[in-house]
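J.: Chain residues, written in single-letter form:
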Amino acid sequence: MNMPETQRGKLKIFMGYAAGVGKTYKMLEEAQQLKAAGVDVVVGYFEPHGRRETIAKTEGLEIIPRQKVEYRGSVFEEMDTSAILARHPRTCLVDEFPHTNVPGSERSKRWEDVELLLAAGTDVLTTMNIQHLESLNDQVWQISGIRVRETIPDWVVQQADEVVMVDLTPRALLHRLQRGVVYERQKANSALKNFFRESTLVALREMALRQAAHEVEHRMMTDERQFVPAGTAPASPRKHHRILVLVSPNPKSAMLIRRAKRVSDFIGAECFAVAVEPSGDLSGLPQPERESLEQHLNFARNLHIETRVLEGDDVASTVVDFGRRNQVTQIYLTRPAARTWLPGLSRDPAQRIVGMAKDMQIVIVSDRERVNE
Amino acid sequence: MAHELRRKTPEECMLEVQAEEAALARKGHLKIFLGYASGVGKSYRMLDEARRRRERGQDVVVGAIQPQVPHEVEALLRKLEVIPLKNVAGGTAIDVDAVIRRHPAVCFVDGLAYNNPPGLRNPTRWQDVQELLAAGIKVIASINVQYVAELKDRIEAITGKRITETVPTSFIKSADEIEVVDAPPIEPTEWSLEEEAETLRRKERIAKLRELALLVAADVVDHQLNEYLECHGIRQHFGTYERILVCVTPRANIQEMLEEAQAVAEGFHGEVIVAYVKQPEISSENQSALDARLAVASAAGARIEILEGEDPAHALLDFARSRGITQLFVGHSQRGGLARLRASPLDKLIWEGHGMDVRVFPQ
Numbered sequence: 001m002n003m004p005e006t007q008r009g010k011l012k013i014f015m016g017y018a019a020g021v022g023k024t025y026k027m028l029e030e031a032q033q034l035k036a037a038g039v040d041v042v043v044g045y046f047e048p049h050g051r052r053e054t055i056a057k058t059e060g061l062e063i064i065p066r067q068k069v070e071y072r073g074s075v076f077e078e079m080d081t082s083a084i085l086a087r088h089p090r091t092c093l094v095d096e097f098p099h100t101n102v103p104g105s106e107r108s109k110r111w112e113d114v115e116l117l118l119a120a121g122t123d124v125l126t127t128m129n130i131q132h133l134e135s136l137n138d139q140v141w142q143i144s145g146i147r148v149r150e151t152i153p154d155w156v157v158q159q160a161d162e163v164v165m166v167d168l169t170p171r172a173l174l175h176r177l178q179r180g181v182v183y184e185r186q187k188a189n190s191a192l193k194n195f196f197r198e199s200t201l202v203a204l205r206e207m208a209l210r211q212a213a214h215e216v217e218h219r220m221m222t223d224e225r226q227f228v229p230a231g232t233a234p235a236s237p238r239k240h241h242r243i244l245v246l247v248s249p250n251p252k253s254a255m256l257i258r259r260a261k262r263v264s265d266f267i268g269a270e271c272f273a274v275a276v277e278p279s280g281d282l283s284g285l286p287q288p289e290r291e292s293l294e295q296h297l298n299f300a301r302n303l304h305i306e307t308r309v310l311e312g313d314d315v316a317s318t319v320v321d322f323g324r325r326n327q328v329t330q331i332y333l334t335r336p337a338a339r340t341w342l343p344g345l346s347r348d349p350a351q352r353i354v355g356m357a358k359d360m361q362i363v364i365v366s367d368r369e370r371v372n373e
Numbered sequence: 001m002a003h004e005l006r007r008k009t010p011e012e013c014m015l016e017v018q019a020e021e022a023a024l025a026r027k028g029h030l031k032i033f034l035g036y037a038s039g040v041g042k043s044y045r046m047l048d049e050a051r052r053r054r055e056r057g058q059d060v061v062v063g064a065i066q067p068q069v070p071h072e073v074e075a076l077l078r079k080l081e082v083i084p085l086k087n088v089a090g091g092t093a094i095d096v097d098a099v100i101r102r103h104p105a106v107c108f109v110d111g112l113a114y115n116n117p118p119g120l121r122n123p124t125r126w127q128d129v130q131e132l133l134a135a136g137i138k139v140i141a142s143i144n145v146q147y148v149a150e151l152k153d154r155i156e157a158i159t160g161k162r163i164t165e166t167v168p169t170s171f172i173k174s175a176d177e178i179e180v181v182d183a184p185p186i187e188p189t190e191w192s193l194e195e196e197a198e199t200l201r202r203k204e205r206i207a208k209l210r211e212l213a214l215l216v217a218a219d220v221v222d223h224q225l226n227e228y229l230e231c232h233g234i235r236q237h238f239g240t241y242e243r244i245l246v247c248v249t250p251r252a253n254i255q256e257m258l259e260e261a262q263a264v265a266e267g268f269h270g271e272v273i274v275a276y277v278k279q280p281e282i283s284s285e286n287q288s289a290l291d292a293r294l295a296v297a298s299a300a301g302a303r304i305e306i307l308e309g310e311d312p313a314h315a316l317l318d319f320a321r322s323r324g325i326t327q328l329f330v331g332h333s334q335r336g337g338l339a340r341l342r343a344s345p346l347d348k349l350i351w352e353g354h355g356m357d358v359r360v361f362p363q
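These protein sequence lines are chains A and B, in that order. Going by this note's numbering, the first sequence opens with residue 1, and the numbers climb by one from there. Going by this note's numbering, the second sequence opens with residue 1, and the numbers climb by one from there.
Don't read these hints as lab results, they were simulated from the structure. The reader is advised that the hints may include incorrect statements.
What the hints assert, rightly or not - Straight-line distance between alpha carbons at most 27 Å, and here's what the computed BS3-like set of lysine-lysine pairs gives:
1. B:K278 with A:K358
2. B:K203 with A:K12
3. B:K79 with A:K12
4. B:K203 with B:K138
5. A:K239 with B:K278
6. B:K278 with A:K57
Said to hold, decoys possible - Chain A side only, calculated, beta carbon under 8 Å to chain B, not exhaustive:
7. E198
8. S199
9. D359
Beta carbons: idealized from backbone N, C-alpha and C, even for Gly.
This is chain A alone, in the form it adopts within the complex (with noise of 0.2 Å):
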């Protein structure tokens, strides 16, 4: 077979929904598997947290020393990418994929580090949980009271050849926490205060578990893409989908773009975004509002959004006129700023979309509220 010169790495994640879940304890579990089968394979991370079990298995493998990066007088470890580069093993062990690498590293996201292993041609193993994943970031706010800011572009995740879920009861995980397994004893009694609350980790638990699903149904569907067997028909064709948001310098805009982005993924839709502006451009806004909009615009194109700025005096109607002229199936906005007695004479875009676009499929986005237990 003629294979190209470097082949893409593999890459694995270990999801899990918690620390102490076993993620780490699997991941080294597989590379003494592949060890033991004559693999060449290296430790480029692994964050011991003082566990026993988990040192114990790290036995007998390689491991690549990491780099010193000072920053603000302090040393901090990272792993080091270029040794790793350097000695080009066939798999490499990357514990806690979400990591934000210290100011002052080559890369900023542990993620894009394992993005140059994987273009070299190493197989990457990785953990990570599901409280990190970009989408679901409001979700978990609700749910736990904690804004997680490690987070990971939904895309990356999908890009990954296999996700393999590591379960627990949470339970069994409970018991670990106080027994001392995860963390020393002071950490663990204030963890069982947020993250490791038991409603807390049932939630969690539960959209790992469908999250895992749908990974592997969503790889399902691009082997099936790729193999169609000679013979067979085409599964029918479905409605094709096509979503856009409008963002604005409003905060509320990333909890949009994140649960427009999730619903288009797991439907199979497009996305993208826009902004209205008259001049076409974020130009005539003033600076605290433009700093706003380019942030929500940025972030929107990091999940792998397309977007734009439309030119338009009149914000409504122009994206209206817009979705009319594109196909759109379904508009999102985020709910009108306030109740307003005259509703027909409403200045709120959101309002008014709706009273225009009365062909079109609009989507009014909840904020994630939080009810103190």
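Guided by the hints, dock chain B onto chain A, whose structure is given.
T.: This is chain B only, laid out in the frame that chain A set:
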């Protein structure tokens, strides 16, 4: 509606009801390890838990093992107390009386889905397990998703094999704990061309079974989550499971709304509910339009809820909140001109539909 449900036979219904009743009455705690194929390491994971429990001083026995076990499982079994299966004419079965006499704290059962040989008290092994649970023994058991009764037809379609031994879904859902063993086997990276087609087919079969196992576990966990929230008086739903509420009105484009709802439900493996708010003074013309739409929904197999309330928008929102609805589907308002000066039911849904997305459809 999201899952293509097969109509159950009366016998299956009976078993489901019995399993539910028994779950309510039992004393022992049930934990299930769920895998998607043989050879994914369920037995090992489960018996490794037995070893750890024993090392921590718990009184643990193994009540059932598979006829053939790999080396690493054999090594684990040597460290454990095994109550052998009893041999009867036509096969083997758990020695229920011996286990109950021995009365350990925990009994491990590897392979929950066996039929017992004829002539025994219980025709199936899961019923034996129920007896152990009723006797106050904690049971930890393993099962392959292929033997979940509700999935029988889909599994047969995927594997092309007839399934003769199943465990009622309600028994599995009644488990106090469920854990998925999800470990796709490491595949050799290169195959010969002849092997390739067969390998792809096998991979696809495995992927479908994996997906089913993960979804079964997710449903069990969803059930547990709702119970937990209810027990603790938490009124909030977390939206971990997509639930779509389609609101029917006399002019709703029910066909499109249902199709879209089904597409979303399929994508997310969620659920669709159809509802309408009873109007006290409805014209006969509107009533027949409404009836026609409800007939379409019911022909599509939808569950239809009839709501009442003076304010239709609030009736819908109250119902949606009580059911943890994540997406509300509703038609555009017909009002124009001066009537737009007053808030329509749609306006209220949009303003007050906190916690759910409101999707407005052309009529």
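J.: Work down the list of hints and note, for each, if the structure agrees.
T.: Consistency of the hints with the structure:
no. : hint               : result
1   : B:K278 with A:K358 : 25 Å, holds
2   : B:K203 with A:K12  : 16 Å, holds
3   : B:K79 with A:K12   : 34 Å, violated
4   : B:K203 with B:K138 : 36 Å, violated
5   : A:K239 with B:K278 : 33 Å, violated
6   : B:K278 with A:K57  : 64 Å, violated
7   : E198               : 7 Å, holds
8   : S199               : 6 Å, holds
9   : D359               : 5 Å, holds
The structure is inconsistent with the numbered hints 3, 4, 5, 6, although it conforms to all the rest.
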